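> Okay, here's what each chain looks like letter by letter:
There are 2 protein chains.
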Amino acid sequence: MDKKDCLILLRLLPKELQSGVFSELDPDIQEDIIKKLTDIDVKSIISSMHTDDRTELFEETSPEITRKLISLLSFEERKEALEILGYPEDSVGRLMTPDYVAIKEDWTIEKAIKHIRRFGKDAETINIVYVVDDEWHLVDDIPIRRLILAEPTQIVKSIMDEHFISIIAIADQEEAIKLIEKYDLTALPVTDSDKHLLGIVTVDDIIDALREEQTEDLTKYSAIEAAPIGLDFITKIREVPLRKIFRARITWLLALLIMDLVTGGIIKSFEKTIAKYVVLVTFLPVLVDTAGNAGSQSATLVIRALALGTIKMKDWIYLIGREFIVAGALGLIMGLGISITGFVRGGSFLIAQVVVLAMIVNVIIGSLIGVLLPFVFTKFKKDPATASTPLITTLADIIGTAIYLGLAYLILS
Amino acid sequence: MDKKDCLILLRLLPKELQSGVFSELDPDIQEDIIKKLTDIDVKSIISSMHTDDRTELFEETSPEITRKLISLLSFEERKEALEILGYPEDSVGRLMTPDYVAIKEDWTIEKAIKHIRRFGKDAETINIVYVVDDEWHLVDDIPIRRLILAEPTQIVKSIMDEHFISIIAIADQEEAIKLIEKYDLTALPVTDSDKHLLGIVTVDDIIDALREEQTEDLTKYSAIEAAPIGLDFITKIREVPLRKIFRARITWLLALLIMDLVTGGIIKSFEKTIAKYVVLVTFLPVLVDTAGNAGSQSATLVIRALALGTIKMKDWIYLIGREFIVAGALGLIMGLGISITGFVRGGSFLIAQVVVLAMIVNVIIGSLIGVLLPFVFTKFKKDPATASTPLITTLADIIGTAIYLGLAYLILS
Numbered sequence: 003m004d005k006k007d008c009l010i011l012l013r014l015l016p017k018e019l020q021s022g023v024f025s026e027l028d029p030d031i032q033e034d035i036i037k038k039l040t041d042i043d044v045k046s047i048i049s050s051m052h053t054d055d056r057t058e059l060f061e062e063t064s065p066e067i068t069r070k071l072i073s074l075l076s077f078e079e080r081k082e083a084l085e086i087l088g089y090p091e092d093s094v095g096r097l098m099t100p101d102y103v104a105i106k107e108d109w110t111i112e113k114a115i116k117h118i119r120r121f122g123k124d125a126e127t128i129n130i131v132y133v134v135d136d137e138w139h140l141v142d143d144i145p146i147r148r149l150i151l152a153e154p155t156q157i158v159k160s161i162m163d164e165h166f167i168s169i170i171a172i173a174d175q176e177e178a179i180k181l182i183e184k185y186d187l188t189a190l191p192v193t194d195s196d197k198h199l200l201g202i203v204t205v206d207d208i209i210d211a212l213r214e215e216q217t218e219d220l221t222k223y224s225a226i227e228a229a230p231i232g233l234d235f236i237t238k239i240r241e242v243p244l245r246k247i248f249r250a251r252i253t254w255l256l257a258l259l260i261m262d263l264v265t266g267g268i269i270k271s272f273e274k275t276i277a278k279y280v281v282l283v284t285f286l287p288v289l290v291d292t293a294g295n296a297g298s299q300s301a302t303l304v305i306r307a308l309a310l311g312t313i314k315m316k317d318w319i320y321l322i323g324r325e326f327i328v329a330g331a332l333g334l335i336m337g338l339g340i341s342i343t344g345f346v347r348g349g350s351f352l353i354a355q356v357v358v359l360a361m362i363v364n365v366i367i368g369s370l371i372g373v374l375l376p377f378v379f380t381k382f383k384k385d386p387a388t389a390s391t392p393l394i395t396t397l398a399d400i401i402g403t404a405i406y407l408g409l410a411y412l413i414l415s
Numbered sequence: 003m004d005k006k007d008c009l010i011l012l013r014l015l016p017k018e019l020q021s022g023v024f025s026e027l028d029p030d031i032q033e034d035i036i037k038k039l040t041d042i043d044v045k046s047i048i049s050s051m052h053t054d055d056r057t058e059l060f061e062e063t064s065p066e067i068t069r070k071l072i073s074l075l076s077f078e079e080r081k082e083a084l085e086i087l088g089y090p091e092d093s094v095g096r097l098m099t100p101d102y103v104a105i106k107e108d109w110t111i112e113k114a115i116k117h118i119r120r121f122g123k124d125a126e127t128i129n130i131v132y133v134v135d136d137e138w139h140l141v142d143d144i145p146i147r148r149l150i151l152a153e154p155t156q157i158v159k160s161i162m163d164e165h166f167i168s169i170i171a172i173a174d175q176e177e178a179i180k181l182i183e184k185y186d187l188t189a190l191p192v193t194d195s196d197k198h199l200l201g202i203v204t205v206d207d208i209i210d211a212l213r214e215e216q217t218e219d220l221t222k223y224s225a226i227e228a229a230p231i232g233l234d235f236i237t238k239i240r241e242v243p244l245r246k247i248f249r250a251r252i253t254w255l256l257a258l259l260i261m262d263l264v265t266g267g268i269i270k271s272f273e274k275t276i277a278k279y280v281v282l283v284t285f286l287p288v289l290v291d292t293a294g295n296a297g298s299q300s301a302t303l304v305i306r307a308l309a310l311g312t313i314k315m316k317d318w319i320y321l322i323g324r325e326f327i328v329a330g331a332l333g334l335i336m337g338l339g340i341s342i343t344g345f346v347r348g349g350s351f352l353i354a355q356v357v358v359l360a361m362i363v364n365v366i367i368g369s370l371i372g373v374l375l376p377f378v379f380t381k382f383k384k385d386p387a388t389a390s391t392p393l394i395t396t397l398a399d400i401i402g403t404a405i406y407l408g409l410a411y412l413i414l415s
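Keeping their order, the protein sequence lines are chains A and B.
The C-terminal position of the first sequence is numbered 415 in the working numbering, with every residue numbered one higher than the one before it.
The C-terminal position of the second sequence is numbered 415 in the working numbering, with every residue numbered one higher than the one before it.
Hints listed in this document are in silico derivations from the structure and should not be mistaken for laboratory results.
Hints are not guaranteed to be accurate.
Among the chain A residues that face chain B by a calculated CB cut under 10 angstroms, a handful are [said to hold, decoys possible]:
hint, residue
1, ASP206
2, THR221
3, SER224
4, ILE276
5, ALA296
6, ALA301
7, VAL358
8, ILE362
9, VAL363
10, LYS381
11, LYS383
12, ASP385
13, THR388
14, SER390
15, GLY408
Bear in mind that the values here come from a model prediction, so they are computed numbers and not experimental data.
Just so it is clear, CB atoms sit at the ideal spot from N, CA and C, and this is done for glycine as well.
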C-alpha cells in the first residue's frame, strides 16, 4: 500500500484501533504520517499507544519529530517517555512498559480482582499481576490464573509463593531474553537497584528482540555492517535504498581486501620457489580454503556457545585443548584426502609431502584461530560474532599461505 | 551436578515439583533417571508432566525407553501421546498441548470463570480460553483479561469479537513462530483441517523453537552438520563427545576439499601462463576472496529475507537486477582499490588491467552466485541456509580462478 493510502485508511479506522495499527507500521511510514496529520490527530494516536511502542517510535524517528511528539504528550506521559529514553540503548529499560497492575498482599482476592477490573484496561498484560509493598518494592508476582483459581475470600498473601524472577532496568536486553527463556515467563518485572518496581517487559517484545539478535548475528557472520541500515532492514529489504546496502557491505570488503594484499605480499616473497615449482600453486586454494572452512566451523561453535552462556571466557584454554584434538583428527583426514592428488598432480613424493604436511598444520592453525578470535573480540568488548567467516577465511589465507610456501621452501630447497 | 546427585535431589523434591524439574533436564539425563527410578516413580512423574514436555521426552529418548514410558501411561494419556507422535517432525502438532480450557458462547461470564476455576488447574495456560461450539469447532479465543474485565452477568457471546488466529496441526513449526510473532500472541490454537480445536501452542515453546532455529541457521552457515549431534548440542557443548563434533564437521570439509581440487585443476591447465607471469599468483587470493566475501554477504541477505518472508521465490529476478547494480558499484570500488597494487606489484600496465578487470567481474559473479544459490536450494526443497559461506567461497574460488586466469591468458598472450 502506498503511503497516501496508509494515511487515508488510518483516518477511516475507528479511534480505538488507530494507535494499535499505527504501532505496527514501519518507522519511516510512521514518520511520514506524523508529518501529514494534524497535531490533534497525532496527539490522540500517540497518547493511546502502549508505552513501549511509543518509546520505539521516539527512538526511530528523527530528533525533530521526536521533540515535536514529546511536546504533544501530557505532563505525566512526557515524564515517562523521557525517563525510559534515559536508559542506555539495548538496556532492559528501553523495552519495558509501566503499564502493569500492582496489588497489595493484605487485600482479598475479591478486592484484587476488582482492582484489576478497574485498572487493568490500560495494562499491557494482566496475565501476571505484581504484589508490591507500601514503598512499591516488588514482593511477588502472581499469575492471574492463580488469582482466578483461588477463593474470592482468601487473602492475596495466602496465594503468594514469594518467589519471583526480576531484572534491573540497566541490565542488557540479552539478560532479559535469557531469563524469559529459562523460566518460561510471559512477562518479566523490571526494578531499580533498590527493588522498586518500574515496569515490565513482555514476551512479545522479547521475541522481536530475539529476531533482531538473530539478524544481527547472521549479518555479522558474513561481514555486513548493520549500522548504516538498522537491524530491522531485512523486514523491508525491498525499500532499503541501494546506496545503504552498498555502504553496509563496502567497509568490510575493503578491510578484507587490504588484508588479502598481505597474502599477495607473502606469495611475492616466495616468487622464486614458485617459478621453480609452478605446480605448488595448484594446491594453494585447497590448502587455505580448508583451513578457513575449519576455522569458520570452530568459530561458529564458540560464538554460539558464548551467546547462549554455555561456555565462559575462562574456558578458552579448555576449548583450545579440545579443538587441538578434533582439528588434529580433521587435519589427518584432510591430509589423507589430499595425498593422492598431491602425489599424482605434484608428480613427486617431495611435493606430496609438502602438501600433506601443510594441510595438517593449516587445518589445526585455522581451527585454533577460529576458537581464539571470538574470545579476543569479547576481551576487547566487541561482539564475538565480529569473528566473521570472511575475516577468519582471510586470516587463514595469510597464515596458511605463509605456512605452505614456507614448508615448500624448506623441504624443496 | 553429576547424574547420581540429580537422581537423589529429584527424589527429595516434593511430588508436585518433580515433574516440572524433570521436564527441564537434558534428554540424556532424563533417560538415565528413568532407567534408575522404579516404574511407580516414573509413572508419577510422567503422568504429571505437561503434554508437550512429555512428547519431547518421547521424541528424544531411545525407542525402547519410549515404549516403556508409553506402557506406563493411562489409556487416555497413551491415546494422546500416540496421537501427537503421529504428527510429522517439525510440525505444529508435535509442539501442541491439549491442556487448554474451552468454554461455550451461551454461558455467562460467571459460569465461564467457575469452569476455569474447576478445570484450569491442569491447563498449560489459561491466559487465553477458547470458545467452541457443540462439535468442538473453534469459534473464538478470549484473553482471560477480557473475561475478568467483563461483568459476571454478561454472556460470553457479548464479549466475543469472533476474530482469532489459528493454525492447523500439520503446518510447519516455522509458520506457528511467524504467527505468534506477527500477532504478539501468548498462545496459538491448533485445529485440524475442519477447524476442530485440537490443542494450543504456547509462547515458551516458540521461544525454544526460535533459539533452535537460530542455532540451526548459524551452523548451516558455517557448513556444520547439526544432525549427528542434535540441535540443542550447543547448550551442552562441554559434554558432547569429540567424535560427534568431528562427525558434524568432516562431511562438509571433505565435500569442499573435493570442490577445491577443481580449482587446482583449473590452475594446472593455465600452468604455462603462470610460469611466464609468476606475479599473477600474488593476486589470486585477493581476487577469489573478495568474490567469496561479496557472495557471502548477498547470500546472507537473501537467506534472512527468505526466512522472514520479506521476499518470495518469485522475487529472484528482481533481486538479481538489484544485486547487479550494487555488486557493480562494489566491483568498481574494489577494482580501484586493487589497481595501484596491480600496477606496482604487477610491474606492467597489462597486468594491472587484467587484475582490475578480473576484480570487477569476480565481485559481480560472486554476488550473483550468492543471490541465486539460496533460491536454487529452496527450489530443490533444501533449506536456503545450505548456501553456506564456505560453499559460496569455494564456488567463488572455482569460477573466480577460471575468470582471472582466462582473462590473463587472453590479454597477456
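> Of all the hints numbered above, which does this structure not satisfy? Sort the numbers upward.
Violated hints: 7, 8, 9, 10, 11, 12, 13, 15; rest satisfied.
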